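Colleague: According to the working numbering, the sequence shown is numbered sequentially starting from 1.
To be clear, the hints were calculated from the coordinates, so they are not data collected in a lab. Wrong hints could be hidden among the right ones.
[What the hints assert, rightly or not] Lysine-lysine pairs mimicking BS3-like chemistry, simulated, CA-CA at most 25 Å apart:
id, residue 1, residue 2
1, Lys902, Lys836
2, Lys269, Lys208
3, Lys689, Lys750
4, Lys632, Lys689
5, Lys737, Lys705
[What the hints assert, rightly or not] What follows is a list of derived Cβ distance ranges for each label pair:
id, residue 1, residue 2, range
6, Ser334, Asp648, 44 to 54 Å
7, Ala216, Gln645, 21 to 31 Å
8, Arg499, Ser332, 48 to 58 Å
9, Glu371, Thr717, 32 to 42 Å
10, Ser314, Ala216, 21 to 31 Å
11, Thr201, Thr268, 43 to 53 Å
12, Glu600, Gly758, 55 to 65 Å
13, Ser85, Arg589, 16 to 26 Å
14, Thr664, Glu600, 12 to 22 Å
15, Phe270, Glu245, 37 to 47 Å
16, Arg273, Glu493, 42 to 52 Å
17, Thr664, Leu894, 51 to 61 Å
Only a predicted model underlies this, so the values are computations on that prediction, with no experimental measurement involved. Note that beta-carbon positions come from the ideal geometry of N, C-alpha and C, so glycine has one too.
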Amino acid sequence: MAEPSVYPSTLDSAFDGASPIKDLFDPIRLTSDNIVPIINLPLSQQVLGHDSNEALAQVASDEVSYTTFVSEQARLALQATDDQSTEQKQSQLLHLGLAALFSFLQSNVTGPPLEFNSAETVLPSSLRTDPTILKAVRAKIIRDLSVDGEAAYRLTPNPELFAVAKALLVDAAIDGPLLAKTARMRTNFLHQKMLSEVTSTLQDVIYKDVEVLDKAELNANERSRFLLERAIIHTHHSFDVKAREDIDQAAKVRNFEFALTGKMGKRTKFQDRDISQLVVLAKSADETSQSSEPSGPKKLDLNDDTLLESISFSDQKPDEQSLAIQDTVSASLSSIDANNQPILNPVDSAILLALASAITNTAPENGLTREETNPYAIRVLEGGSSNWQIYTQALLVRSRVEGYRSRTVERAVLQMQALVDQVIADTATSDEAAQNESGEPSTFLPRPEQSESAPAADRLEHIWILNFSTRWSLEAELAKRWVDLGGLRTALEIYERLRMWAEAALCYAATEREGKAKKLIRRQLYQATGPDENDENEQFEGPERSPLPADAPRLFCILGDIDKDETLWERAWEVSGERYARAQRSLARHYLTATPPDLEKAEASYKKSLHINRLNHGAWFALGCVQLELQKWDEATDTFTRTVQLDDTDGQAWSNLAAAMLRTSAPESSPDTVDEVTGETPADVDPYKRKREALAALQRAAQLKGTDARIWDNVLTVAASIPPPATPFREVITAQKRIIELIGAKNGEKCIDVRILGLLVEFLNTAFDYEDLLIRSEDASEAPIVRTGTLAGQILSLVDDNVVPLITHSAVLWLIVARVEVFRGRPAKAFEAHEKAWRATVAANAQGAFQMGDEKPWLEVVRATEKLVRDGYAKFGPMDREGQTLADDQEAELVAKGWRFKARSAVRGILGKGKDFWDGTEGWDRLKELQSEVTGN
1 MAEPSVYPST LDSAFDGASP IKDLFDPIRL TSDNIVPIIN LPLSQQVLGH DSNEALAQVA
61 SDEVSYTTFV SEQARLALQA TDDQSTEQKQ SQLLHLGLAA LFSFLQSNVT GPPLEFNSAE
121 TVLPSSLRTD PTILKAVRAK IIRDLSVDGE AAYRLTPNPE LFAVAKALLV DAAIDGPLLA
181 KTARMRTNFL HQKMLSEVTS TLQDVIYKDV EVLDKAELNA NERSRFLLER AIIHTHHSFD
241 VKAREDIDQA AKVRNFEFAL TGKMGKRTKF QDRDISQLVV LAKSADETSQ SSEPSGPKKL
301 DLNDDTLLES ISFSDQKPDE QSLAIQDTVS ASLSSIDANN QPILNPVDSA ILLALASAIT
361 NTAPENGLTR EETNPYAIRV LEGGSSNWQI YTQALLVRSR VEGYRSRTVE RAVLQMQALV
421 DQVIADTATS DEAAQNESGE PSTFLPRPEQ SESAPAADRL EHIWILNFST RWSLEAELAK
481 RWVDLGGLRT ALEIYERLRM WAEAALCYAA TEREGKAKKL IRRQLYQATG PDENDENEQF
541 EGPERSPLPA DAPRLFCILG DIDKDETLWE RAWEVSGERY ARAQRSLARH YLTATPPDLE
601 KAEASYKKSL HINRLNHGAW FALGCVQLEL QKWDEATDTF TRTVQLDDTD GQAWSNLAAA
661 MLRTSAPESS PDTVDEVTGE TPADVDPYKR KREALAALQR AAQLKGTDAR IWDNVLTVAA
721 SIPPPATPFR EVITAQKRII ELIGAKNGEK CIDVRILGLL VEFLNTAFDY EDLLIRSEDA
781 SEAPIVRTGT LAGQILSLVD DNVVPLITHS AVLWLIVARV EVFRGRPAKA FEAHEKAWRA
841 TVAANAQGAF QMGDEKPWLE VVRATEKLVR DGYAKFGPMD REGQTLADDQ EAELVAKGWR
901 FKARSAVRGI LGKGKDFWDG TEGWDRLKEL QSEVTGN
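The whole structure should be built from the sequences, with the hints applied where relevant.
Modeller: See below:
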């Protein structure tokens, strides 16, 4: 085997303490063809246990994991005194760990097949000669990968490679160059991806190393690759906003230009005109010479009778109405031919794919999200990159997006099937864990020819900046896609071949075959009661198996979900060593759905789950809701604060945070109290600080859930609850406008908060002078206009444009409008508003007052009539009508010259209608007195 180029000529003696790998994020040169000479180094032989060692007996007897054995041997070797310095030994062990890590990736993610037998090369003969011992050693390695109750895939191929990588790069804690910390972060992240769910324990150590690397001095190339790698880590942990930020920053560092925009073109074979189509225009800063021929698995054609294989773009410029997601497209991008875009740098292609993954992470089924995502994958596939693994990842991204459209779903599933076949064929070895029961790789396609493949170095070159999947997780994803299409039998065949019993049981349960699901799970957890486990009638009611499978906590939880049995969730918590957070979340939901709900127990369970997994956004949100129900306002405030810290885009969490804040008890203090830290007295402190904080939270919620009228109503209420002059009037106006826009058509005037609108108008009348708000034109014939940007202008706009068009029956609203007209100096308009208010009151109370003899509505009519006559007719009728231009000898026109007649008519009309019921009553006498005032008698 050729000597690895990263090492000096003499492998066993030439290490000088400095790592031969200089660039942390440049393509890794260590691949599977390097591992044999590295393992043959004396130090490697010692650490791996190839020298006779009594400690191996504990590994062979299943007492100690091989991972633990290697890490302990590495520590002893570093502490030993011999011809090599500690730095030389650290460097050799670091490279041994890296070689094992990338060999594991090659055999489980990228291919091509390893050129050596992993067990024979890595494990000592005493652990691999006996197949039973070998199987037990591997099972122990995989079992010990369980973290917080989450288990690794039980048939992980070549686990001894990962055992060596984890032992040397993580557990042995080798203090070396920054590369060692990078390797540790990557190993832990790979470990995280191997588990069924994200675990807080691994997440903490991953991000600890991420922080170290973020502070390191990196050149532009290293910085961009680090940012992209961190974005992949963020995406896996569902921190999509952070991922998008890192992706954007990586593009800036690389001066990579791209834009999602609209171009005119045809998508179907029968279009007779061009319409706007989404496209990603992209251009790398460095014009690298790369082959334009893609290297990767076969890209399947669509073969649809309507859709074109790819969009045909025209030279026609989009009109103003065409869709443009990104408003600004640079001149260099605008000049690109959308049908023939330039080849991209591989890292730039990875940026586009990372962005697509970050977009679809939370809602892949969302239609708009898919429309935004697909162009990124298409840009990489059509002239994006010739790198094998990047092209493969682009095919996978496109398959995920197309799986939700009727005309592309068939190609999506078949393309994913082809990718799975390719990966299985490329990673299959003589290892029995990588084969099915027949001993042959379970693929539909033959193993690729050498000309159709790519060397391991090319495939691993950019692996850490891609959101890669292991072979078994990719197969499980394919099975899920078959379930979505109704291909239950195909999906079950995949799950059962992979021995993913939990997924198979969930598949049965989803199709209302819960009995089959229960039996499948119980078979893994309990012993048979009869002599024949293969008996179809066997229900597996015996005692628990010993040992239980590594994924027993998950299996117990699924069985608990089916049976609604809390003892099973409690057992899941117990067998995980009280580390399986999902068990407590299931218990909490059980307590919440009980009759009656046990909120205290639910709260306790959520807290236990969050003690294990502190970064579970859903659990924090649920805990906060329970605490709101328990009226634990302070604790709910802290909980929802943590919730929005984890996901700044959760509008409901922001809204709930505000609700908790408003009820939080503020510390009591006397006027003489002085804060020891700030030196402030209570007089210096904003008395409405808590309300302002709640308002800020509600505004964030409204920003995120702009179509939720309830949130806007909360914004309105909280903003208006802060008394003048501290009232945030602009927020009040904005909230009332949004409520009217959202539900005005349905609810009419009922969506207007009369009390708060009255406060706005009161503020308008007391704080402003109408004349100061006017902008007058030099042309005297043009009417002055109100300054729209002012607070007063916004109040007037709210009343004119939003409130008045909705008023139908509300007398109070018309009276508010009258006050606004008084402010404007328009007595005629105020006069009309008072009349409308009176008519509305009479209409609303007519039946009760005049037909049923109900005194309350009668008195309402009396009061309205008094207000109309005294505050409306008598006040505005004798005033000059607004907007008159008079000659010197011309008298001004009054608002209502015959206002007395109108007043007498109104009173006489009410007296006539009420005579039968109310003659001689208090209300009748008040109207008579009013009549006398008007007539002068």
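Colleague: Each hint needs a verdict: does it hold in this structure or not?
Modeller: Structure-based check of each hint:
no. : hint                           : in the structure
1   : Lys902 with Lys836             : holds, 14 Å
2   : Lys269 with Lys208             : violated, 53 Å
3   : Lys689 with Lys750             : violated, 31 Å
4   : Lys632 with Lys689             : holds, 20 Å
5   : Lys737 with Lys705             : holds, 15 Å
6   : Ser334 with Asp648: 44 to 54 Å : violated, 33 Å
7   : Ala216 with Gln645: 21 to 31 Å : holds, 26 Å
8   : Arg499 with Ser332: 48 to 58 Å : holds, 53 Å
9   : Glu371 with Thr717: 32 to 42 Å : holds, 38 Å
10  : Ser314 with Ala216: 21 to 31 Å : violated, 48 Å
11  : Thr201 with Thr268: 43 to 53 Å : holds, 51 Å
12  : Glu600 with Gly758: 55 to 65 Å : violated, 44 Å
13  : Ser85 with Arg589: 16 to 26 Å  : violated, 57 Å
14  : Thr664 with Glu600: 12 to 22 Å : holds, 20 Å
15  : Phe270 with Glu245: 37 to 47 Å : holds, 42 Å
16  : Arg273 with Glu493: 42 to 52 Å : holds, 47 Å
17  : Thr664 with Leu894: 51 to 61 Å : holds, 58 Å
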